[in-house]
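Undergrad: Sequence:
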Amino acid sequence: MKLISLQRRSRFVWKLAAIPLLTIAIFLAPASMQSELVYARASVANGEYWRLVTAHFVHQDARHLALNLTSWILMTTWGHFVLQQTLSWTKTVFSCCLMVGLGLFYFDPQIPAYIGLSGVLYGSFVADLTISALVSNQLARLGLVLVFGKLLFDKFFGHDFGSLLLSPSQISAVHAHLWGALTGCCFGIWNRFCRLSPNRHASTSCVRNDAP
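Position 110 of the sequence shown, counted from 1, bears residue number 203 in our numbering, the numbering being contiguous throughout.
Any given hint could be a false lead.
What the hints assert, rightly or not - The calculated label-pair distances, taken between Cβ atoms and stated as ranges, are:
#, residue 1, residue 2, range
1, A124, Q203, 23 to 29 Å
2, A111, R156, 18 to 24 Å
3, V238, C287, 39 to 45 Å
4, A124, P205, 15 to 21 Å
5, R102, K184, 19 to 25 Å
Rather than coming from a laboratory, the hints here were simulated on the basis of the structure. Fair warning: this is a prediction, and the values are worked out from it, not measured in the lab. In this text, a Cβ means the ideal position worked out from N, Cα and C, and glycines have one as well.
Hey, can you work out the whole structure from these sequences and the hints?
TA: Printed below as a string of structure tokens:
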């Protein structure tokens, strides 16, 4: 039991630190390197598909970076201690990165460029909320309602009040937030379904909750 507890604590620390370390390293990289990582619709259309994933780890300035990393630490800590979820965070993050990028590319052609971790933040957090909501966690259910309520407000009303509530960059980020949240919700439902499936031990496609 102590060994399991130690392993779980180690995974939490690794999850808490890995994303900040990666994003800080990219933030300190030369601007020429960062420009090769951002989501640029025209570049993706020309075959630079890595931008769909790497763009989420690039940030505009120190304030943008600090805001996202603070949110990552708070959401990760809350998910671990309050929701007590240990989803395979590497698969969750990669799935959110990819699906947010694809969502922007295929469904939001009006957005020429995007950077930042916020879409992935929404996805990772909603994945934890979804798993907990499906096991009758009332706090998680309330959290889902609040998150999607905010996203829907930003999506359908934020544009009308853009000059008051949302800057142009924030308006474009709303789309990334929505794609991230939808991905996290689907990821959480799929993970829960795999755990409930009678053949889950024979399946290698399900995400193990004790994986990194």
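Undergrad: If a hint holds in the structure, say so; if it doesn't, say that too.
TA: Hints, verified against the model:
1. Between A124 and Q203 the Cβ separation comes to about 26 Å, which falls inside the hinted range of 23 to 29 Å.
2. A hinted range of 18 to 24 Å for the beta carbons of A111 and R156 is consistent with their spacing of about 22 Å.
3. Our hint of 39 to 45 Å for V238 and C287 is violated, since their Cβ atoms are close to 25 Å apart.
4. Range check, A124 to P205: Cβ separation about 19 Å, and the 15 to 21 Å hint holds.
5. Checked against the given bound of 19 to 25 Å, the beta carbons of R102 and K184, roughly 20 Å apart, stay inside it.
Hint compliance for this structure: hint 3 alone is broken.
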